[in-house]
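> In order, the protein sequence lines correspond to chains A and B.
For the first sequence, my numbering begins at 4 and goes up steadily by one.
For the second sequence, my numbering begins at 8 and goes up steadily by one.
Where hints are given, some of them may not hold.
Mimicking DSSO-like on lysine-lysine, the simulated pairs with C-alpha atoms at most 27 Å apart in a straight line are [as the list claims (entries may be wrong)]:
1) B/K159 - A/K10
2) B/K159 - B/K239
3) A/K101 - A/K10
4) B/K155 - A/K10
5) B/K155 - B/K236
6) B/K236 - A/K10
7) B/K205 - A/K178
8) B/K205 - A/K109
9) A/K178 - A/K10
10) A/K178 - A/K110
11) A/K99 - A/K178
12) A/K10 - A/K99
13) A/K183 - A/K109
14) A/K183 - A/K101
15) B/K159 - B/K236
16) A/K99 - A/K110
17) A/K10 - B/K239
18) A/K110 - B/K205
19) A/K109 - A/K99
20) A/K101 - B/K205
21) A/K178 - A/K109
22) A/K101 - A/K178
23) B/K155 - B/K239
Some but not every residue of chain B turned toward chain A, in silico, with C-beta under 7 Å [said to hold, decoys possible]:
24) M41
25) Y44
26) S92
27) V141
28) V166
29) A169
30) I176
31) I222
32) S226
33) F234
34) G235
Sample of chain A residues facing chain B (criterion: CB under 10 Å; computed from the structure) [unchecked claim]:
35) G16
36) L25
37) I50
38) V137
39) G140
40) P142
Hints listed in this document are in silico derivations from the structure and should not be mistaken for laboratory results.
The beta carbon of each residue, even a glycine, is placed where N, CA and C say it ideally should be.
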Amino acid sequence: MKKFGVKHIVATGIGAALFFVLGRFVAIPSGVPDTNISIQYGLLAFIAAVFGPIAGLLAGLIGHFFIDFSYGWGVWWSWVISSAIFGCVVGIFGSKLKIDEGEFDKKNIITFNIGQVVAHLAAWAVIAPILDIVMYGEPVNKVFVQGIVSALVNIVTTAVVGTLLCIAYSSAIPKKGSLKEED
Amino acid sequence: MTNLFNYIDRPSPIHSLTGATKFVCLMLWSFAAMSTYDTRMLIAMTVASIILFAVGRIHFKDVSFMFGFMVIFLVLNSICIYLFSPRHGTQIYGTCTLLFGMSGKYALTAEQLFYHFNYVLKFTATIPIVLLFVTTTNPSEFAASLNKIGVKYSIAYAVALALRYIPDIQRQYHEISQAGQARGIEMSKKASLINRLKAASGILIPLILTSMDRIEIISNAMELRGFGKNRKRTWYMARPFRAADHIAMVSCALLVAIALCLSVVNGGRYYNPFV
Chain A
4 MKKFGVKHIV ATGIGAALFF VLGRFVAIPS GVPDTNISIQ YGLLAFIAAV FGPIAGLLAG
64 LIGHFFIDFS YGWGVWWSWV ISSAIFGCVV GIFGSKLKID EGEFDKKNII TFNIGQVVAH
124 LAAWAVIAPI LDIVMYGEPV NKVFVQGIVS ALVNIVTTAV VGTLLCIAYS SAIPKKGSLK
184 EED
Chain B
8 MTNLFNYIDR PSPIHSLTGA TKFVCLMLWS FAAMSTYDTR MLIAMTVASI ILFAVGRIHF
68 KDVSFMFGFM VIFLVLNSIC IYLFSPRHGT QIYGTCTLLF GMSGKYALTA EQLFYHFNYV
128 LKFTATIPIV LLFVTTTNPS EFAASLNKIG VKYSIAYAVA LALRYIPDIQ RQYHEISQAG
188 QARGIEMSKK ASLINRLKAA SGILIPLILT SMDRIEIISN AMELRGFGKN RKRTWYMARP
248 FRAADHIAMV SCALLVAIAL CLSVVNGGRY YNPFV
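Construct all of the structure, not just a fragment, from the sequences and the given hints.
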């Protein structure tokens with residue numbers, strides 16, 4: 004695993020700030036009333052894939068906490084924790100990728116997407132409902148339906164937004180060995 | 008933009024507590040309220056939180072907007088629970104008292120009503136405290152005080168960085184989005200879902216690329232100044248703990264203890280008046 008250095012601290016802070024701005028001010032209407040598509044998970048997946056599980060976990064935790072904090076409707080811990088877990092799981096899958104060295108081919112796209120699907124299912128269809136039951140004593144079928152629906156929506160969003168971000172970022176970086184000595 | 012976090016600067020006993028104290032109290036308080044379903048305790052906590060609200064000199068009109076949000080949210084969630092599980096109360100309390108002579112799957116039971124009452128109480132016991140925390144805690148001081156309660160300073164610094172860069176990133180997002188719209192990128196309901204997502208990604212890409220540059224610049228600047236060299240650091244916004252801070256934390260810890268005791272006395276998380 005990569006060392007958690009100054010760069011990772013900064014990436015966590017900036018990642019959390021980006022997560023906050025996207026989650027708080029960018030609302031893409033989904034067609035269903037009062038339900039917006041949250042593109043911030045695409046971003047979080049990207050940050051986690053580049054900077055590793057700890058940065059992903061903390062960026063999700065801090066960013067989501069501040070979103071709830073600024074809305075003031077109460078910090079919804081079960082979902083804050085799930086965001087953090089999502090960042091962490093994507094980061095674990097992403098530690099095999101070398102996006103920051105400009106590599107992101109088809110195989111990597113598949114790895115990245117498997118990671119985000121697993122992470123979304125773990126976070127929204129398993130952890131969040133369980134925490135809702137433990138903390139708030141809500142009915143089982145309600146929280147699981149909620150969780151699975153949001154997992155599916157988030158998977159689609161992340162597949163589009165996250166993959167595009169990784170491709171764009173990796174292609175903006177000069178690849179290793181792209182410079183040749185002049186004959 | 009200045010009021011992004013709803014912080015209200017107004018001298019009061021609650022304001023003078025350190026951010027760390029308030030954060031610890033918030034955690035303990037929400038833990039106590041989450042762990043118990045004892046109606047008496049939840050009512051007591053609701054009353055206490057409303058009193059604390061007055062002590063913090065926060066007026067209802069300061070938070071009426073957020074309060075409205077909360078009510079809508081609670082109503083929607085309660086309806087949702089009822090639709091999915093109209094007999095949830097019966098499952099919990101073990102009895103089934105039909106009301107108003109109704110029958111069928113969605114017949115109203117006293118247990119269900121009591122469960123919903125408790126569910127709402129759970130929120131009325133915590134939301135005022137959260138609102139109080141949000142309105143009386145200066146975000147910068149909060150980041151500084153995290154370090155004090157044992158969070159590693161690198162993590163506390165990440166929180167401070169996030170707070171520092173939220174307005175910058177927000178402004179940048181706005182600029183890029185307007186530039187995109189001027190070039191005819193459609194993000195409203197007229198475009199199809201996939202196209203909307205693509206358009207959003209189109210704004211994101213320049214935003215992320217500049218943010219990655221920003222990460223590089225900031226981390227270089229921090230490294231040049233020797234960030235992370237020593238095991239401790241001081242904070243400009245930090246304040247020392249005083250007697251009131253200790254009292255507040257101890258009383259919130261007591262609340263958790265009471266909640267745990269009650270669940271032993273009641274033989275479970277629920278207070279059951281039906282048996």
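> All hints, please: hold or fail.
Each hint, compared with the structure:
1. Simply put, B/K159 and A/K10 have alpha-carbon atoms about 16 Å apart, close enough for the 27 Å limit, and the pair holds.
2. A hinted pair counts as satisfied when its Cα atoms are at most 27 Å apart, and B/K159 with B/K239 qualifies at roughly 9 Å.
3. Between A/K101 and A/K10, the direct Cα distance comes to roughly 16 Å. Compliance with the 27 Å bound is thereby established for this hinted pair.
4. At most 27 Å may separate the alpha-carbon atoms for a hinted pair to count; B/K155 and A/K10 meet this at roughly 23 Å.
5. For the hint pairing B/K155 with B/K236, the CA-to-CA distance comes to about 19 Å; that is within 27 Å, so the pair holds.
6. The hinted pair formed by B/K236 and A/K10 meets the criterion: a straight-line CA distance of about 14 Å does not exceed 27 Å.
7. At most 27 Å may separate the alpha-carbon atoms for a hinted pair to count; B/K205 and A/K178 meet this at roughly 26 Å.
8. Note on B/K205 and A/K109: the hinted pairing holds, with a Cα-Cα distance of about 19 Å set against a maximum of 27 Å.
9. Between A/K178 and A/K10 the alpha-carbon distance is near 21 Å, which keeps this suggested pair within the 27 Å criterion.
10. Between A/K178 and A/K110 the alpha-carbon distance is near 17 Å, which keeps this suggested pair within the 27 Å criterion.
11. A hinted pair counts as satisfied when its Cα atoms are at most 27 Å apart, and A/K99 with A/K178 qualifies at roughly 17 Å.
12. A hinted pair counts as satisfied when its Cα atoms are at most 27 Å apart, and A/K10 with A/K99 qualifies at roughly 19 Å.
13. The straight-line distance between the Cα atoms of A/K183 and A/K109 is roughly 25 Å, inside the 27 Å bound, and the hint therefore holds.
14. Between A/K183 and A/K101 the CA atoms are separated by roughly 21 Å; this keeps the pair inside 27 Å, and the hint holds.
15. Among the hinted pairs, B/K159 with B/K236 is consistent with the structure: their alpha-carbon atoms are about 14 Å apart, no more than 27 Å.
16. For a cut-off of 27 Å, the pair hint linking A/K99 to A/K110 stands: about 11 Å separates their Cα positions.
17. Distance hint between A/K10 and B/K239 is fulfilled; the C-alpha atoms sit about 18 Å from each other, no more than 27 Å.
18. Taking the CA atoms of A/K110 and B/K205, the gap is near 22 Å; set against the 27 Å cutoff, the hint holds.
19. A threshold of 27 Å between alpha carbons decides the hint, and for A/K109 with A/K99 the separation of about 14 Å falls inside it, so the pair holds.
20. Using a Cα cut-off of 27 Å, the hinted pair A/K101 and B/K205 holds, with the two alpha carbons roughly 24 Å apart.
21. Among the hinted pairs, A/K178 with A/K109 is consistent with the structure: their alpha-carbon atoms are about 16 Å apart, no more than 27 Å.
22. For the proposed pair A/K101 and A/K178, the alpha carbon gap of about 11 Å is at most 27 Å, so the pair holds.
23. Proposed proximity of B/K155 and B/K239 is supported: the alpha carbons are some 11 Å apart, at most 27 Å.
24. Given the 7 Å rule on beta carbons, the hint for B/M41 holds: about 4 Å separates it from the nearest Cβ of chain A.
25. The closest approach between the C-beta of B/Y44 and any C-beta of chain A is roughly 6 Å, which is under the 7 Å cut-off, so the hint is satisfied.
26. Interface hint at B/S92: satisfied, since its Cβ lies 3 Å from the closest Cβ of chain A, which is below the 7 Å cut-off.
27. For B/V141, the suggested interface contact is upheld, since its CB lies about 5 Å from the closest CB of chain A, less than 7 Å.
28. A least Cβ separation of about 6 Å between B/V166 and chain A falls short of the 7 Å threshold, and the interface hint therefore holds.
29. Taken as an interface hint, B/A169 checks out: its beta carbon lies about 4 Å from the nearest beta carbon of chain A, inside 7 Å.
30. Look at B/I176: its Cβ gets to within about 5 Å of chain A, closer than 7 Å, so that hint holds up.
31. The closest approach between the C-beta of B/I222 and any C-beta of chain A is roughly 5 Å, which is under the 7 Å cut-off, so the hint is satisfied.
32. Here the hint on B/S226 is kept, as its CB sits about 4 Å from the closest CB of chain A, short of 7 Å.
33. The beta carbon of B/F234 is positioned within 7 Å of a beta carbon in chain A (closest approach about 5 Å), and the interface hint is therefore held.
34. The beta carbon of B/G235 is positioned within 7 Å of a beta carbon in chain A (closest approach about 5 Å), and the interface hint is therefore held.
35. Contact between A/G16 and chain B, as hinted, is supported at the beta carbon level, the nearest pair being about 3 Å apart and thus within 10 Å.
36. A cut of 10 Å between beta carbons decides the hint on A/L25: the least distance to chain B is about 8 Å, and the hint holds.
37. Among the interface hints, the one on A/I50 holds; its C-beta lies about 9 Å from the nearest C-beta in chain B, closer than the 10 Å criterion.
38. Contact between A/V137 and chain B, as hinted, is supported at the beta carbon level, the nearest pair being about 8 Å apart and thus within 10 Å.
39. The interface hint given for A/G140 is met, as the beta carbon of that residue sits about 6 Å from the closest beta carbon of chain B, less than 10 Å.
40. Interface hint status for A/P142: upheld, as the beta-carbon distance to the closest one in chain B is roughly 3 Å, under 10 Å.
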